[in-house]
Amino acid sequence: MENLMFLAPELAVVATGLIVLLIGVFMSPQTKNMLGYLATLGVLAALALTIQSFGTEATMFFGTLSIDALSQFFKLVFLAVSLIVSLASIKYNENSDHTEEFYSLVLFATFGMMVVASANDLILLFCAFELASLATFALAGFEKRNARSLEGAMKYFIIGAISSALMLFGISYVYGATGTTSIPMIAENATLLAENPIGLVAVVLLIAGFGFKMALVPFHMWAPDAYQGSPSVVSSLLAAGSKKMGFVAAFRVFIVALAALQPDWQLAFTILAVVTMTFGNVVAVSQTSVKRMLAYSSLAQAGYIAMAFVVMTPMALTGGIFYTLAHAFMKAGAFIAAGAVVWMITSQKTGNLDIPDHLDSFRGLGKRMPLAALCMTVFVFALAGIPPTAGFMAKLVLFSSTIQAGMTWLAVIAILNSALSLFYYARLVRYMYFLPPEGKKIGMPFPYAAALLLAVAGVLAMGIWPEPFMQWAMDAAQVLI
Amino acid sequence: MLPVASLLILVPLIFAAVTFFTKTKEQAAGLGFLGSLVTLGLTLYAYMNFDSSTAAMQFFESIEWIPSLGVNYSVGIDGISMPLILLISIVIPFLILYSWKEDREAPNRFYGLILTMQAAVIGVFVALDFLVFYIFWELTLIPLFFMVNIWGGEKRVHASYKFFIYTHVASLVMLLGIFGLFYASWQQTGIPTFDIRELVTQFQFFESSLLRDAIFLSIIFGFLAKMPAFPFHSWLPDAYSEAPTAGSVLFVLLKIGGYGLFRISLPMLPNTGNPDLMITMLGFLGSFSILYGALVALRQKDLKRMIAYSSLSHMGFVTLGAAGLVTLSVSGAMFQQFSHGLIMSILFMSAGAIQTSAGTRIINNLGGLAKKMPKLTVVMMVGFMASLGLPGLTGFIAEFLVLTFSYVNLPGFVLLALLAIVITAGYHLWAMQRAMFGVYNEKLGDIMDINSLQVFSMAAIALLVLYFGLNPSPVLNMMITNSEAIVSLAAALGV
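These protein sequence lines are chains B and C, in that order.
In terms of this note's numbering, the first sequence has 397 at position 397, counting the first letter as 1, and numbering is strictly consecutive.
Counting the second sequence from 1 gives a position; this note's numbering is that position plus 481.
Here chain C stands alone, though its shape is the one from the complex (with noise of 0.2 Å):
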């Protein structure tokens, strides 16, 4: 068996700093997708022999890094973690192709960040030491700060130093409280760990309510911050809609927080010191953020701000999914993970063409586009399908499980999402509407499609959100093992 966790990591970073050192575009953009497709080789190879049945960790390494600290370098992949690898596994290739034909500076530094970025955010969902979970929870600001920064709009520095400042000072406290975790668990038991499972179980022990409730709000607190979840969102709209189109693909593909939630919030969240109020925080924020993110979407003149407030939308179901702890509505919440990353990928895709090729993004400037791009305004339909959620596309599945089983334990917050979906279709349609149909803008002028690379890249993932939408069980049978084992935890303590 190869050691697919380490692989994984290794391969596209590897690949990164081949990248940097290419001349030309060819080379950097060749190089950058073949690494991407080992890398999605390899993914599909530990999909092939994942075992979805079991919990369990799967691909298990571990080697002794800093023993007199506790640190080692521990990576696995289980069912909360295989499907966001095979996430961003198959969007970077296509996000590769998307770009291929584009031309800018330094793409030798374009595509190593890519990839550095992939390698990082594989790090995060694997690693089982917290160490190495941080080392690269951290390693994923380089390149997206890069990405704003050098290829971004008008604000680029501005949205870039904002998004680095917010998430890197909520980093902080979030260390503070591995920190904390870390010295109580010695304390606790003699024995200094950073192994994560182990510190989850550890904290069970710990005497002080107090304590434990301080290091869940701050480790939980660096996680909402990255997803983003409302009120600690105010990085996202600048930062996704600066960076450049690939970059925004990143920022998606940035499922850390949500991760983090299910990894290491959830089974902690049943020992802090009052869970009730920790789950109706939860609740309050997910369907806050549900329900904040629609309605300022709705008000958005620029289609790129307009798709990045619908995604802290739809992250907020996977809070209040979170939040529901019912195995399937936790379930929903991480199928609504990979779901949002496949979906928004093609919004962002499709903002990026049209930000192209008619020079603006002002949704009132745009107009009857579908006769001029016609190939974009199909995707581009499946994808805006899927974002409101219609039945049959990925985005149903997950917040159909969401609404249904949070209502078990949130009614309160599920009745304020659905308010939500309401508005959700209201301005995906009307953007939709106003951009895509009706009359053409002449001022436009003589505008172009989208070029076949493109097509073939964004038509693939909506094929994918279809094949999904139809038939989840490849990624949710695996989600529903998983969940079950956490919500089984919770149960067990009369939660």
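For reference, chain B alone in the conformation it holds in the complex (with noise of 0.2 Å):
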């Protein structure tokens, strides 16, 4: 008998989104605000589980599952940002009458996130990531009526299906030359892999698969729209938390299932990051929807994290990895406070109706509401790397990780990245601070307050004191080495 124990995070999580689901259907939309509180708990206890049992070590399910400080870091990634999404999203589904579809929605995307984390063997990973991602297709068309909501969500949903395919198929072909699907068996038959051609196609397979989650160019396609078009709080939990669910599927798989193949992968790997960073930097410049910004913006992030694979070092990794959850708290909050200045603007029916996340509606934002123009700043600012944030720390660590592995070119274009990035940042501040505002000042909902305040605790807490996060980010990166 399996001791389920190790698994309380899971449990509490699905746990809650099976109840909120249950007792929705009985409740009248007014009351239906309670849930939105209930969920947040729910992953709050979660969340305290999974600290709780920081340092434990377990593989269960016949080894397909295991608990080590990599998943629990991770687990830390997504519940973090599932807090955030469902305190925001209380205000989001204020009356509305779908409130537990919405909850249980993130909570099960929470849950298959979770289990991509500790997931030590390709099929359980495939139906995990199947089930995140099949919960966010539905969550991004969340709006029903909004054609760029469900134009966004079409795409997703389209490209996503095809990657999956893709992936599977990869790890039909890993399969086939090794003729398992445990991730350590893998590993230890993968001169199978290394000297089949079967394995270069395997890992071109498995790069597409989750390079679309990643959002690495050039798989990236869907991700402006969907983060454009969902709703804030969703395009929120799909950057800062589902993106990440690629990033330790990819960790495991090729770190450590194919390792035989680094070579191969690496080479991949510096193309993507390359490509990806200074993509995402570009093209970012000229977007006058923040929403659109942040996504490109986000391809920006997930390049520099590719970095890690580039790089290969264990301070790389551990810059890589402290540089998911540093992002998961700064593009959180910035997907948050987008969302409300959306709220303000539809909610007061003036302005760019249209394209309610304009940068127009930021004009002025330090003056209406000033803490969202506040937190907004610290999260861009976080995003481009400046003292005393998150982003600050972890672009240190990785960046700096390319000079010990003597990859000065690398370190130069990401710096060089970095610095441009400043440009579209600075500009959205500029907007919030020094243009005049057009509108009154507006009252902010709780609910927002509440996840701003909670993202940008995150990000100063890693940026002013992060030897604790730092600690863990080691301890997981030791797991991959």
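Think of the hints as simulated: they come from the structure by calculation, not from any bench.
All values reported here derive from a predicted model rather than from experimental measurement.
Computed Cβ-Cβ distance ranges for the label pairs, DEER-style:
(1) C:N846 <-> B:L435: 26 to 36 Å
(2) C:G634 <-> B:V285: 18 to 28 Å
(3) C:Q669 <-> B:E2: 44 to 54 Å
Each computed PhoX-like pair below joins lysine-lysine, with the alpha-carbon atoms no more than 25 Å apart:
(4) B:K440 <-> B:K367
(5) C:K504 <-> C:K582
(6) B:K349 <-> B:K144
(7) B:K349 <-> B:K441
(8) C:K782 <-> C:K856
(9) B:K440 <-> B:K349
(10) B:K367 <-> B:K349
(11) C:K782 <-> C:K643
(12) C:K506 <-> B:K367
(13) C:K504 <-> B:K367
(14) C:K582 <-> C:K852
(15) B:K440 <-> C:K504
(16) C:K504 <-> B:K441
(17) C:K506 <-> B:K441
(18) C:K852 <-> C:K782
Covered stretches of chain C (chain B as the covering partner; in silico rule of three or more C-beta atoms under 8 Å from a C-beta of chain B):
(19) 640-650
(20) 655-667
C-beta atoms are modelled at their ideal positions from N, C-alpha and C, and glycine is treated no differently.
Both chains are sitting in their own frames, so use the hints and assemble them into the complex.
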């Protein structure tokens, strides 16, 4: 009999999801607001259980699930995002008749991501990947009368479905060559793959499959549309949460299982990382929709994190893993702040209602919604890597590790990209603080304020006192080496 | 004993934060002034308790910050940083008084940014950990950028972005050098550390001379671009002349580039792959900055632009004196930083006053201002005389020390710089003559002299220029002590 206590965080999330779904049916739209608080509590409990279980190690269900420092770190990432998203969604779902569906989808997606984080078997990994993906497909199209939301969801779904197929195809090749789907067993038999041309095909297919989730160029086509069209809280979940699912899967599959093929995938990731960060930053400069700009900036950030696969030193992996948590707070927060502005524009019915997240909506935000503006400033400065924020520490570790490995050229590219990104982030700050407001001051709804402050706390904590997070990231990196 | 080094960062920072929330101009200026006075008090306390007979670090504090990367929050003050802290703490209160009666939008941000700038610059001076150093180094960019971008002249947007991008990219190159230093030392000793003094010491043990050169050059590039030195100066004229007066003075007080040279680059220099080449390079950049700055200043039409180029020329003495690598030439270079900060503050304040009163800074459109602005003329004259190196004022001492003692090692470059002395005297006197003396230009109409607060603040700085010109030892002694330490290190290695 397995000791289910190891799965306590996952069980807490699933149980909350099921309870929300069940009792929501019997509630009126007015009382459904409490479901949000219930979901938030469930995530909070799961988060506490995860942190409490730090340091335990176990494998379960015939070795298909592995509880280790890596999986725990990523569970922390997913639960933190989920917490911020659930909190902010309380306002988004106010007086809606579909609250229970929304929350159960968010919670199931979170559950899927958490299982991906601990999956030690390709089939389980694939199933969990699909669970998270299907839930997020539905969430992206949640505003079913909003054409943009539907367009984004449709693109996301079609490209997502194709990439799932590619991933499964890749897994089948790996299985064909090695005769197993267990990650440690593949690692043992990796020579079978390395000596077989099929190995190369498998690597290409898997990179395409995971690259879609990580939104690496050229598998990114869906991301700007989906991030812009989806409700902001969902964009937040997609960019900050489900993107990291791609990373944790890639960490385990490439670095642990396919270590023998390192030269092949390392080359691929080198090209992908450089192209992704450069493309993301260059295109972000010309965006006028803030959510779209954040989407491209999210590409750029994925490019930075992908550098961990290129450098492959313990320091680089620590940096990459640390970066995922930092990015989770920064990006989740930034999308929620954009969501608060969208809410302001739509509820006031003034301004650019067609594109409520247009840069113009941010004019004088410092006067209209001081808290949202201040938090947004913290997030964009963090994304740009300005101290004392999480983004700075993450870049410090990750970028500096390239020097250690002697890849100065990569550091130069990354740093130049980072300098370029400052341009569009600073422009947003200029709009918020140095342009006159167009409209009166708006009170900040509590759920948004709480979610933003939570994310700010995360960003600043990781920037000012990074030691515990750094230690966790180091432990997580140890699993991979 | 108070933890002065930390307080010197914290006090202006806290006052800055509070100032941002003030509503009226009086509150903002008053609170800013109070903050700068408290900082000045702390600085004087540090100065009184400072022992100038030792090159060791004083007021040292260290707290563990990120042990896994070897980052500590460590700060301290020695003879290299003390005079520069003194400089900025003295000038800022007078700067606030000078701008007290000016009307501008968002005074709370204006004075808040001045104090933020002060905190950041002092932070660079006291930091003994590369990460802390770099954080404050980058923090100085933000107030200056907004200073130019919000309250600057017509071409402020262009000037502010140019300044920001130029020096930010240079800082990133420096950051790469710091990373290189960090990892090479980690590999060497097996212990990660960001401690500046430790890393500078470890530098000599790196095996590859190519690596040492690359680290040295990338770090010094950040410093030279910030100082700035020819040919990395192209942001300077735009930023200095487009900035509001207070912004220009803050630029002048931004002595972090030169400071980095003494704190980090000079101790590393003897251990580079080819020290002679590096010294020649620095000497060349220094003397060329002096000559080039003076030549370009000579043909400027705009008074403020002329002063900006003269600033480039004067900063050349810092590079040249550092390259001289003799105790007194290095002390001269340090003293030049101190003296230049005081003198240029007067000059930029004068140019600002002329702009406000006469409505133009184009030298040919001025003329005979002495008749209408006698008070300004007197103070400005002191500033210009100090700037051209009149004996008895601080500029003379600095330039004399640099030129005399750099001659030992770099005779050729000193001769080049001597050429510029004549030109320097020329453009200063010529500008003064055209703008202030002669027949009054009636087209300017009836103009007002500077107000009493401006007289007071500019005269006070002018008196300090005179005082330190006659009696430089209160700051020069500690500079000599620390220069000796730097030079003896070089001498021990036979450079």
